[in-house]
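> Protein sequence lines, in the order shown, are assigned to chains A and B. Mapping of the first sequence onto this note's numbering: position 299 corresponds to residue 299, and the numbering continues sequentially without gaps. Mapping of the second sequence onto this note's numbering: position 140 corresponds to residue 140, and the numbering continues sequentially without gaps.
Just so you know, these hints were derived from the structure itself, not from any lab. Among the clues, some could well be false.
[Claimed, not checked] Straight-line C-alpha distance at most 27 Å; calculated DSS-like pairs for lysine-lysine:
| id | chain 1 | residue 1 | chain 2 | residue 2 |
| --- | --- | --- | --- | --- |
| 1 | A | Lys275 | A | Lys487 |
| 2 | A | Lys66 | B | Lys36 |
| 3 | B | Lys107 | B | Lys91 |
| 4 | A | Lys487 | B | Lys107 |
| 5 | B | Lys87 | A | Lys487 |
| 6 | A | Lys66 | B | Lys107 |
| 7 | A | Lys66 | B | Lys45 |
| 8 | B | Lys122 | B | Lys45 |
| 9 | B | Lys122 | B | Lys87 |
| 10 | B | Lys91 | B | Lys45 |
| 11 | B | Lys107 | B | Lys36 |
| 12 | A | Lys487 | B | Lys91 |
| 13 | A | Lys441 | A | Lys66 |
| 14 | B | Lys107 | B | Lys45 |
| 15 | B | Lys36 | A | Lys487 |
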Amino acid sequence: MRRLHRWGLVLCVAALCACASGPVDKASTAARGPERLLGIWVPDAAPRALLMADGKPPPLTAEASKLYAERRQRLAAGDASFDPTTWCAGPGMPRILTMPYPLEIRADGNRLAFIHGWYRWFRIVDLSVGAVDPPLPLTMGFPVGHWESDTLAIRTVGLIDATVMDASGLPHSEQLTLTERLRVLPNGRLEDRITIDDPENFTRPWETVLTFHRDAAARVADDVCPDRMARGEPAEQLPGQTKAPRTTSAAPRAAAVAAGTAAAASRLAGVWEPKTFGFMVPNAPLSGAGQDIVTRNAAAMQRGSIMQTAWTSCRPGAVSTMTMPREKIVILESASEVTILFEMPRMVRRIRMNGSHAQQLEPGYVGDSVGHWEGSTLVVDTLGFNGYAELDARGQPTSPQLHTVERFTPSGDGSSIDIETTITDPEYYTQPFVIKRSWKKSPARHPLEYDCMENPRQEDFENAYYVRERYRPICMRVEGEGMAPSKMVCPRPE
Amino acid sequence: MRSDVRSWSMLPLVLAIGFAGAAAAHHSTAEFDYTKQVTINGTVKEVQWTNPHSYIQLLTDGEGGERIQWSVEIGSPSLNINLGWRKNSVKVGDVVTMNLSPARNGKPYGTLRVLTFADGQKLEGVAARVTGPLGGPPPAAAPAAPKEP
């Protein structure tokens with residue numbers, strides 16, 4: 001216990017030293033007011049164990065202290081399975097702020113987005129007035145914020161108790177309320193001063209401080225945790241284990257602060273939900289190779305197998321959001337980027353405005369998107385897909401030759417968006433074809449969550465047909481016999 | 001408590017479900033036989049309020065007195081909220097009766113249609129709402145589509 005505290009203290013002291021002596025980022029100080037918070041930030045010291053601002057351990061209740069001690073013992077023995085991130089499930093708050101991954105803060109109107117570098121997680125901070133009444137607890141909760149001069153104050157409730165607060169297993173309950181105060185310090189660093197109030201686990205509210213710095217080279221990547229685990233890497237890459245995650249796109253992006261600058265007029269910004277759910281793309285002009293795959297998939301289903309696709313294996317590609325819209329999306333516009341945040345499947349799409357594709361693109365699940373306005377229609381051209389995506393529930397395939405052109409047209413009264421997508425993929429389709437989907441304005445202040453990796457049940461994989469070998473599960477929940485609890489099993493790849 | 005295994009083997013009921021053709025292409029619907037119903041009762045061992053699907057582990061007594069652990073899928077949290085559930089609607093130790101559509105593999109596994117508490121209160125599962133064509137408009141209370149992938 002003493003060693004752990006000393007370790008956390010060292011990290012915190014290191015963070016404070018970094019704050020005091022680090023270089024001042026010119027870009028971050030050029031902007032004034034709330035704009036200073038926008039852009040990409042990198043943690044100074046991602047602490048494995050949260051400590052109070054004065055370096056002392058948190059004031060745990062006796063019962064919580066017992067649970068925490070038990071977890072620390074398990075951790076010392078190499079068992080971190082109390083932490084859902086070990087099987088790529090949601091880190092929750094404030095755990096995700098303790099991970100050594102960059103985060104980006106974007107803004108549009110009454111809404112802020114915190115986009116994290118670990119496995120596509122994001123949280124939406126609603127800046128409109130009024131308390132929230134969470135319909136269900138989420139890993140990222142329901143954050144509501146307001147500005148106090150240059151400080152952003154965020155209050156978050158509705159946090160699910162299945163997560164831990166840090167990598168050492170610091171517990172919390174669903175009574176947890178987080179109050180954050182974020183500001184840019186005179187030395188250019190971002191400070192997040194967090195008050196933690198959870199009477200079920202702590203004898204009194206306590207405060208911890210996390211700091212972040214600018215790094216011109218840092219990017220928030222399209223990180224896909226199960227792919228990293230399949231390569232034998234840990235779910236959470238710590239500094240020194242591998243190179244830090246960077247963008248998957250070879251195309252340059254606008255400077256961090258400029259990326260947060262508001263668009264002249266947001267035409268698509270807001271929370272939207274699909275007018276219809278779609279699972280099928282009928283009448284796609286399949287080539288012989290495409291038809292062979294669909295026939296093979298159908299035969300497996302006829303045999304009673306459960307078909308596992310990129311969608312079901314928690315690696316969905318952007319094209320699946322074009323063909324199978326589900327649940328809410330949040331759109332933020334800036335002068336240089338339109339950002340689309342998807343609730344289900346969880347994904348972040350970035351559309352670089354008035355840009356062009358690089359000659360060489362590193363293939364990825366979301367591809368490389370550039371956009372421009374044609375009158376009131378946003379036209380988005382996307383290349384650079386990796387071929388690991390199916391168009392629908394029949395498993396209609398895609399290849400790295402996939403090319404999509406989406407036309408987003410908002411209605412005159414701003415209540416809906418019609419989206420017409422032209423799909424071209426000569427590997428599997430004989431000619432381009434068009435699908436149409438529509439979104440309607442949602443009254444919701446927050447999207448909900450879809451944590452696809454939360455509970456990979458053994459039953460789902462016992463009679464599975466994997467459309468691609470990549471879609472095999474990394475971890476499975478195995479039920480215990482009798483009164484023994486279930487447990488997550490993550491065999492190391494061979 | 002005894003699980004009503006007779007309903008499992010002797011009283012299969014055919015449901016009127018409207019997505020038969022398209023459903024065959026969906027992995028979750030392939031797992032379960034929506035043309036059958038099983039009724040079991042027992043004690044809740046574990047509640048997994050999780051994505052992509054939530055589960056209740058129910059301990060029942062077999063006809064020979066042996067203990068049988070059923071895994072009953074109850075949909076994703078966001079779908080369940082639309083059906084009137086809350087995270088703590090069902091608790092460990094609750095004694096409940098569950099009417100479900102069983103897995104095709106014959107194991108003690110199914111997807112919930114209706115859960116009934118000891119006091120007669122009921123909660124509906126997604127399988128009870130499996131109607132309407134895939135791709136159609138979602139109803140106000142719950143999606144018409146059978147399940148998300």
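> Hints first: check each against the structure and report whether it holds.
Here is what the structure says about each hint:
1. With a CA separation close to 38 Å, the supplied pair Lys275/A and Lys487/A exceeds the 27 Å bound.
2. Annotation: proposed proximity of Lys66/A to Lys36/B is violated, straight-line Cα distance about 47 Å (limit 27 Å).
3. Proximity of Lys107/B to Lys91/B is assessed by CA-CA distance (about 24 Å); at most 27 Å being required, the pair is judged to hold.
4. Proposed proximity of Lys487/A and Lys107/B is supported: the alpha carbons are some 20 Å apart, at most 27 Å.
5. As the CA atoms of Lys87/B and Lys487/A are separated by approximately 20 Å, the hinted pair is consistent with the 27 Å bound.
6. Distance check on the hinted pair: Lys66/A and Lys107/B sit about 38 Å apart at the alpha-carbon level, beyond 27 Å; violated.
7. Taken as a hint, the Lys66/A and Lys45/B pair is honoured in the structure, with Cα atoms around 24 Å apart against an allowance of 27 Å.
8. A distance of roughly 19 Å separates the Cα atoms of Lys122/B and Lys45/B; the hinted pair therefore holds under the 27 Å criterion.
9. Between Lys122/B and Lys87/B, the direct Cα distance comes to roughly 15 Å. Compliance with the 27 Å bound is thereby established for this hinted pair.
10. Of the supplied pair hints, the one linking Lys91/B and Lys45/B holds, its CA atoms being roughly 9 Å apart against a limit of 27 Å.
11. Of the pairs offered as hints, the one joining Lys107/B and Lys36/B holds, with about 14 Å between alpha carbons and a cut-off of 27 Å not exceeded.
12. With a C-alpha separation of about 19 Å, the suggested pair Lys487/A and Lys91/B falls inside the 27 Å cut-off, and the hint holds.
13. Straight-line distance between C-alpha atoms of Lys441/A and Lys66/A comes to about 47 Å, which puts the hinted pair past the 27 Å bound.
14. Between Lys107/B and Lys45/B the CA atoms are separated by roughly 18 Å; this keeps the pair inside 27 Å, and the hint holds.
15. Only pairs whose Cα atoms come within 27 Å are accepted, and Lys36/B paired with Lys487/A is rejected, the gap being roughly 30 Å.
Hints 1, 2, 6, 13, 15, counting from the list given before, are not met by this structure.
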